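Visitor: Now for the letters of each chain:
There are 4 protein chains.
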Amino acid sequence: MRRRVNFYECDPARIVHFSNFYRYMEEAEHAFWRAAGLTLTAVHHLGFPRVSATFDFHAPLHYDDAFEVTLRIAAMGRTSIRYACVITRGDTTIATGAMTMVCVEVGPPMRAVPVPDELRDRVEVAAPPA
Amino acid sequence: MRRRVNFYECDPARIVHFSNFYRYMEEAEHAFWRAAGLTLTAVHHLGFPRVSATFDFHAPLHYDDAFEVTLRIAAMGRTSIRYACVITRGDTTIATGAMTMVCVEVGPPMRAVPVPDELRDRVEVAAPPA
Amino acid sequence: MRRRVNFYECDPARIVHFSNFYRYMEEAEHAFWRAAGLTLTAVHHLGFPRVSATFDFHAPLHYDDAFEVTLRIAAMGRTSIRYACVITRGDTTIATGAMTMVCVEVGPPMRAVPVPDELRDRVEVAAPPA
Amino acid sequence: MRRRVNFYECDPARIVHFSNFYRYMEEAEHAFWRAAGLTLTAVHHLGFPRVSATFDFHAPLHYDDAFEVTLRIAAMGRTSIRYACVITRGDTTIATGAMTMVCVEVGPPMRAVPVPDELRDRVEVAAPPA
Numbered sequence: 000m001r002r003r004v005n006f007y008e009c010d011p012a013r014i015v016h017f018s019n020f021y022r023y024m025e026e027a028e029h030a031f032w033r034a035a036g037l038t039l040t041a042v043h044h045l046g047f048p049r050v051s052a053t054f055d056f057h058a059p060l061h062y063d064d065a066f067e068v069t070l071r072i073a074a075m076g077r078t079s080i081r082y083a084c085v086i087t088r089g090d091t092t093i094a095t096g097a098m099t100m101v102c103v104e105v106g107p108p109m110r111a112v113p114v115p116d117e118l119r120d121r122v123e124v125a126a127p128p129a
Numbered sequence: 000m001r002r003r004v005n006f007y008e009c010d011p012a013r014i015v016h017f018s019n020f021y022r023y024m025e026e027a028e029h030a031f032w033r034a035a036g037l038t039l040t041a042v043h044h045l046g047f048p049r050v051s052a053t054f055d056f057h058a059p060l061h062y063d064d065a066f067e068v069t070l071r072i073a074a075m076g077r078t079s080i081r082y083a084c085v086i087t088r089g090d091t092t093i094a095t096g097a098m099t100m101v102c103v104e105v106g107p108p109m110r111a112v113p114v115p116d117e118l119r120d121r122v123e124v125a126a127p128p129a
Numbered sequence: 000m001r002r003r004v005n006f007y008e009c010d011p012a013r014i015v016h017f018s019n020f021y022r023y024m025e026e027a028e029h030a031f032w033r034a035a036g037l038t039l040t041a042v043h044h045l046g047f048p049r050v051s052a053t054f055d056f057h058a059p060l061h062y063d064d065a066f067e068v069t070l071r072i073a074a075m076g077r078t079s080i081r082y083a084c085v086i087t088r089g090d091t092t093i094a095t096g097a098m099t100m101v102c103v104e105v106g107p108p109m110r111a112v113p114v115p116d117e118l119r120d121r122v123e124v125a126a127p128p129a
Numbered sequence: 000m001r002r003r004v005n006f007y008e009c010d011p012a013r014i015v016h017f018s019n020f021y022r023y024m025e026e027a028e029h030a031f032w033r034a035a036g037l038t039l040t041a042v043h044h045l046g047f048p049r050v051s052a053t054f055d056f057h058a059p060l061h062y063d064d065a066f067e068v069t070l071r072i073a074a075m076g077r078t079s080i081r082y083a084c085v086i087t088r089g090d091t092t093i094a095t096g097a098m099t100m101v102c103v104e105v106g107p108p109m110r111a112v113p114v115p116d117e118l119r120d121r122v123e124v125a126a127p128p129a
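Protein chains in written order, with numbering that gives the first Met the number 0: chain C, 0 to 129; chain S, 0 to 129; chain A, 0 to 129; chain P, 0 to 129.
The shape of chain C in the complex, shown without the other chains (with noise of 0.2 Å):
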């Protein structure tokens, strides 16, 4: 996923509040998953909470920045996909992060299901980059 930085985005340091880090993985994931044929919000009966989100920051974005998020699936278990995730302008690389997600039937209260294959179908641990 390719995007600009909003200026809504910026805090008063002038650079990209770290919180907007975690949303612009999850566009970068719904946007792979779109890519893969699939709306996530329309698997049936199905929630994708997060059950942890992680990022290390190295290099600040600013407003105007074009910038690049690319996101792979860095594992996938029974109940759970793992993604990993680096953001990067030009040759920067801006952050490093992962998330991992559980498929729950949504409640309450919420229980955890194996991933559909409707999902497992479409995709592939990737390997990380070298």
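Keep in mind that a hint or two might mislead.
Which residues of chain S face chain A? A partial, calculated answer using Cβ under 7 Å [as the list claims (entries may be wrong)]:
id, residue
1, 17
2, 50
3, 92
Don't read these hints as lab results, they were simulated from the structure. As the structure is a computational prediction, the values presented were derived from the model and not from experiment. From the three backbone atoms N, C-alpha and C, an ideal C-beta is built for every residue, glycine too.
Dock chains S, A and P against the given chain C, drawing on the hints supplied.
Guide: Relative to the frame of chain C, chains S, A and P by itself:
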């Protein structure tokens, strides 16, 4: 409602991003109904989408400023409620706004329905401030 | 400007939270000036705070909807610029809005100054749509 | 820090969007320093960008839930501070997180500098909860 400006609500101009004022108005709205003994999201089968929202901005709010949001019901229609809102910091008027919401049966499609007595009986239309 | 609704922009009513429409209007504003060859934040020593912003909401936007934001300059004052904005999804009008910004020397205190020729010379006041 | 979940912080799954937990952690951080007599943005010429932030999510937070954010200093380095964070609702652990910030002279370019005594002298590294 009283609270402080959060860092992440400010933009590179070092003032609260104007979009957040609409969120402050909504926070005050929910606090308003909570004070009247009601949780808006718990009104059975009804939703309250906005049909209009407006603000005039008179002075900026900065990080860590303590401010106050005053909300009153400006008009009560058959299917809609109009709020008037003033945001102040001490004696300084920061912004004045208004918002109209309509009661709907959540659809799809959404369909406007009369404001339920559950809401109507708890509040009064207030005179504008002198 | 065209783009899709992000998941994190939607609320529990499963529609775009109304506060985000003001952010869409700002995204379109920055895209507008970028198309005119200008980065708003790079205009030396000037800031452009909003003095008013308003929207009427006609129909909801949902997750993953593709939508379009059309912005035109409705009026150019000595120190201020007024935009008019229409948000559409295909043939459906979603929202119509307006926003006025003022040119200021960033303070404190902020002081209104004439719209610089750098902006004035690049754009035209547009007639309203038929 | 104690507060309630705002409606606009929840997503179509009717739970707090995970990105907002990082904002809650930051709110607690600023409240923490304010309680220690310090406004982070007023430390002369210094900024405090994040170098990492992480959360594990154990249970969802819903609209209107009252919750508590507990922050402690997990480590104090020469140029950085690491926080540990627990978010709870009553007896339920909602999320556990951590965040590392670094002291920089705001640039460009940013340059890491020692944590000033102004910060160091006001706080203590806390033992983890039993």
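Visitor: Each hint: holds or not?
Guide: Hints versus structure:
At about 5 Å, the closest approach between the beta carbon of residue 17 of chain S and any beta carbon in chain A falls short of 7 Å, and the interface hint on this residue holds. Nearest Cβ of chain A to the Cβ of residue 50 of chain S: about 5 Å, under the 7 Å cut. The hint holds. For residue 92 of chain S, the suggested interface contact is broken, since its CB lies about 13 Å from the closest CB of chain A, more than 7 Å.
The structure fails to meet hint 3 from the earlier list, while all remaining hints are met.
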